[in-house]
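> Quick note, the sequences are listed as chains A and B, same order. Residue 80 in this note's numbering sits at position 96 of the first sequence, and the numbers go up by one each step. Residue 50 in this note's numbering sits at position 66 of the second sequence, and the numbers go up by one each step.
For the record, the hints were derived by calculation from the structure and aren't laboratory data. Please note: incorrect hints may appear among the correct ones.
Identical chains share a label here; the pair holds if one copy fits it or two copies do between them.
[Claimed, not checked] In silico EDC-like pairs for lysine to aspartate or glutamate, Cα to Cα no more than 20 Å straight-line:
1) K31 to E21
2) K181 to E21
3) K130 to E295
4) K76 to D361
5) K13 to E2
6) K374 to E405
7) K31 to D220
8) K181 to E295
9) K374 to D224
10) K374 to D311
11) K31 to E6
12) K76 to D88
13) K130 to D361
14) K76 to E405
15) K374 to E407
16) K181 to E100
17) K266 to E20
18) K31 to E131
19) K181 to E2
20) K13 to D220
21) K130 to E45
It should be emphasised that the depicted structure is a prediction, and the values quoted were computed from it without experimental measurement.
Number of protein chains: 2
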Amino acid sequence: MIEIVGREALLRKRKTAEFSDEEVATVRKIITRVKEEGDQALVAFTKQFDGVKLDSLHVEEAELAEAVQAVEPKLMTALRHAAERIRRFHEKQLTASWIMEEADGTILGQRVHPLERVGVYVPGGRAVYPSTVLMNVIPAVVAGVKEVVMVTPPQPDGSIPAATLAAATVAGVNRVVKVGGAQAVAALAYGTASVPKVDKIVGPGNRFVALAKQLVFGEVDIDSVAGPSEIVVIADETADPVFVAADLLSQAEHGEDSSAILITTSADLAANVQTEVVRQCKRLVRGRIAQTALERYGAITVVGDLQEAAELSNQLAPEHLELMVADPWGLLGRIRHAGAVFLGPYSTEPLGDYVAGPNHVLPTAGTARFFSPLGVDHFLKKSSLLCYGKEALLRDGPQAMALAEAEGLGAHAAAIRVRLEREGAKGR
Amino acid sequence: MIEIVGREALLRKRKTAEFSDEEVATVRKIITRVKEEGDQALVAFTKQFDGVKLDSLHVEEAELAEAVQAVEPKLMTALRHAAERIRRFHEKQLTASWIMEEADGTILGQRVHPLERVGVYVPGGRAVYPSTVLMNVIPAVVAGVKEVVMVTPPQPDGSIPAATLAAATVAGVNRVVKVGGAQAVAALAYGTASVPKVDKIVGPGNRFVALAKQLVFGEVDIDSVAGPSEIVVIADETADPVFVAADLLSQAEHGEDSSAILITTSADLAANVQTEVVRQCKRLVRGRIAQTALERYGAITVVGDLQEAAELSNQLAPEHLELMVADPWGLLGRIRHAGAVFLGPYSTEPLGDYVAGPNHVLPTAGTARFFSPLGVDHFLKKSSLLCYGKEALLRDGPQAMALAEAEGLGAHAAAIRVRLEREGAKGR
Chain A
-15 MIEIVGREAL LRKRKTAEFS DEEVATVRKI ITRVKEEGDQ ALVAFTKQFD
35 GVKLDSLHVE EAELAEAVQA VEPKLMTALR HAAERIRRFH EKQLTASWIM
85 EEADGTILGQ RVHPLERVGV YVPGGRAVYP STVLMNVIPA VVAGVKEVVM
135 VTPPQPDGSI PAATLAAATV AGVNRVVKVG GAQAVAALAY GTASVPKVDK
185 IVGPGNRFVA LAKQLVFGEV DIDSVAGPSE IVVIADETAD PVFVAADLLS
235 QAEHGEDSSA ILITTSADLA ANVQTEVVRQ CKRLVRGRIA QTALERYGAI
285 TVVGDLQEAA ELSNQLAPEH LELMVADPWG LLGRIRHAGA VFLGPYSTEP
335 LGDYVAGPNH VLPTAGTARF FSPLGVDHFL KKSSLLCYGK EALLRDGPQA
385 MALAEAEGLG AHAAAIRVRL EREGAKGR
Chain B
-15 MIEIVGREAL LRKRKTAEFS DEEVATVRKI ITRVKEEGDQ ALVAFTKQFD
35 GVKLDSLHVE EAELAEAVQA VEPKLMTALR HAAERIRRFH EKQLTASWIM
85 EEADGTILGQ RVHPLERVGV YVPGGRAVYP STVLMNVIPA VVAGVKEVVM
135 VTPPQPDGSI PAATLAAATV AGVNRVVKVG GAQAVAALAY GTASVPKVDK
185 IVGPGNRFVA LAKQLVFGEV DIDSVAGPSE IVVIADETAD PVFVAADLLS
235 QAEHGEDSSA ILITTSADLA ANVQTEVVRQ CKRLVRGRIA QTALERYGAI
285 TVVGDLQEAA ELSNQLAPEH LELMVADPWG LLGRIRHAGA VFLGPYSTEP
335 LGDYVAGPNH VLPTAGTARF FSPLGVDHFL KKSSLLCYGK EALLRDGPQA
385 MALAEAEGLG AHAAAIRVRL EREGAKGR
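Work the whole structure out from these sequences, hints included.
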């Protein structure tokens, strides 16, 4: 089910998230129609894509309250426990405005403000993802965002799963709208009667959602373009094959395009994990999905030492990286690119998906080279402060004029000259 | 030259940075060809768009050294002075990795690492922008980026202006390549023989450059999509009409699509600025450009009080905002959206363009609602750390399993169960 391959074959397993001209054209059409027709287009697309005719896209307060009652207490407890830990971790990410003062009285600084309104996309249809709600909404709330608008596609009966709505309540969502797909992204970007225009759109989705986010980038801000889930496990001979197999399967079950890779220094472990994966997969409800994913994008490779393992992992820049080795902290220094690093045998990736506290929205498809986990700073924006006094003007003005003149921007130089002349006149 | 208009007319002056299907198709073709043909495509497009046939796109060490000699000492001094102030401001933006430890030994944290290689786009052709080089490169160098690749279109004679190359040397660029336009962005995103693939692309450019950056976003990271320059001046009766007019003109001269707006509580100031703009514009080398910009996107509006002025400015979310009022710090609290705020009569915007220290790469076209000035954090990426101990697993494992089961992800639950079972077995 999961092959043992060489380094080259393993690197070929990498996917790219490219879109065809057809996909681009399709999504641009959807966006244009939502811009022009607003809610009418949303209702039409929801009928077309979700197979349900909605009179109102808005989720009422009553529906939210009912959901909290409908969800079993055990799940509500877990949601609140997770929300509390996620909040505590993200509060550590808050940054403050600052200023620097210079001897001549010049003040320079950086203001930090929360975004005013953000949109959170939550996948739906038959799936239910309360954890996605917590992970995308809580950082925005911690940042101080005034209004969080959640969009999620309705189920065939037109409802939203109770667990999703309960999570929205726990996380602090201000408004829930029953709409999904590229049309939901377009609505958040441009605004309709039911969906207010937002400053930023976050949250995972299918290819069309990801492409729509990319196409509205600039009109609004977006988080990184999310791809299929991935895990790389680096393990030595001390690792437990039962744990390693279980963790590979936990990512593989996400979807048939998920990727799960083991890089190990132990040929015995490689063989044992291979066997364990087959044995454990049989017992899984989503075993067939996991099997397909492992056959397509799964792999085990045996390397000479842990340094080689780290280098190979850096080339993959995985979303999730587990270090199941005797000395994980000793290996950490060699890891340059990974969305989240899980150290040691107890730090199984699903703990990070739900309750550990760090965000589970992580860069995929090698983008951990340059993207970061979703965090509070994604919901903050900065602006610069400049307050010059006369002395500083006299010091820096001529330097700025020299640069302005080199760039052929005479009016830039003039704006400084009129002030220097005014001071010179006063001086006389 | 610059109209006095009402609030509504002023808001209609806002531009949007939308691209046509034709523009998208054109730029996608350029990107595809660069991906397929590499340098060959770059040479061909450079001949087509820049009108120069280049044998080598690479700028040699010797050319860089010559440039430093060729530039007049006064300009070199200004470049070094500016670079030093820009470096000092941006060093304040550096952030450190951190961890939080819990009572049971759990360690959670956030690592902060510089990007490894970035590309900086510097506009060229006939224009010369050494300040763009400093402002885009220095934050990357301060962040610790190992390799900064600068791309800029060659002049008709195939050379790059000495001032641009001198600035590259002062700022710490590692490699300069003679290529511009969408093809340069494509080369940085996918890599060619002359242009190494980068992790992030920053720097301003024309519509095609901006669109290309948007289209490669995801393959690499990009800074915000830059539009034409803008300034809003909020002034009361204490403001000097000569200063206000000079500052409006300094932005208007950037290009015919630049925007310069005065919001004032004083009808007298409005009239005096109108007159001053005409008087000063006559003396400007780029007066005709400034005139066209002011006629198309310039405006003066008189409001009832400063609170109204601030609200109107917040709706515009300008790139640059000057507060030329008796108490600028008293007004600051009402300003929610602006790329950079300049306080008081001496803080003319061109000081910020060149020497003040804060970055002059700022969000345009209303994107100050959600984008930030270019800064060190644009060249840093984060990743999460999770290290669970046995106690923490026993505490959080069941909660995570409850959420996994609610999401129908049995393998996620199983990855935790195998560990709880192993501990249970040990317990017996």
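> Measure nothing new, just compare the shortest in-copy and cross-copy C-alpha distances for K374 and E407 to 20 Å and report within, between, both or neither.
Within one copy only: 8 Å inside a chain, 71 Å across chains, cut-off 20 Å.
> Since the copies are identical, ignore which copy is meant and state whether K130 and D361 lie within 20 Å (CA to CA) inside a copy, between copies, both or neither.
Cα proximity of K130 and D361: one copy only (15 Å, versus 24 Å across).
> With 20 Å as the alpha-carbon cut-off, assign the pair K374 and D224 to within, between, both or neither.
Cα proximity of K374 and D224: across copies only (15 Å, versus 69 Å in one copy).
> Within a copy, between copies, both or neither: where do K181 and E295 come within 20 Å Cα-Cα?
This pair counts as between: shortest inter-copy Cα distance 18 Å, intra-copy 43 Å.
> How would you label the pair K130, E45 (within, between, both, or neither) given a Cα cut-off of 20 Å?
within (18 Å within a copy, 52 Å between copies)
> At most 20 Å between CA atoms: does that hold for K31 and E6 within a copy, between copies, both, or neither?
Neither. Shortest intra-copy (22 Å) and inter-copy (31 Å) distances fail the 20 Å Cα cut-off.
> Should K181 paired with E21 be assigned to within, between, both, or neither, using CA atoms and 20 Å as the limit?
Classified as within: same-chain Cα gap 15 Å, cross-chain 41 Å, threshold 20 Å.
> Could you place K130 and E295 in one of the four classes (within, between, both, neither) given a Cα distance threshold of 20 Å?
between (43 Å within a copy, 17 Å between copies)
> As a check of your reading, is K31 near E131 (CA-CA no more than 20 Å) within one copy, between copies, both or neither?
Classified as neither: same-chain Cα gap 28 Å, cross-chain 51 Å, threshold 20 Å.
> Reference check for the pair K76 and D361, CA-CA at most 20 Å: within, between, both, or neither?
The answer is both: 11 Å in one copy and 17 Å across copies each meet 20 Å.
> What label fits K374 with D311 when the C-alpha limit is 20 Å: within, between, both, or neither?
between (59 Å within a copy, 16 Å between copies)
> Is the C-alpha distance from K13 to D220 at most 20 Å within one copy, between copies, in both cases, or in neither?
Neither: 51 Å inside a chain and 47 Å across chains, both beyond 20 Å.
Against the hints set out earlier in the document, violations occur for numbers 7, 11, 14, 17, 18 and 20.
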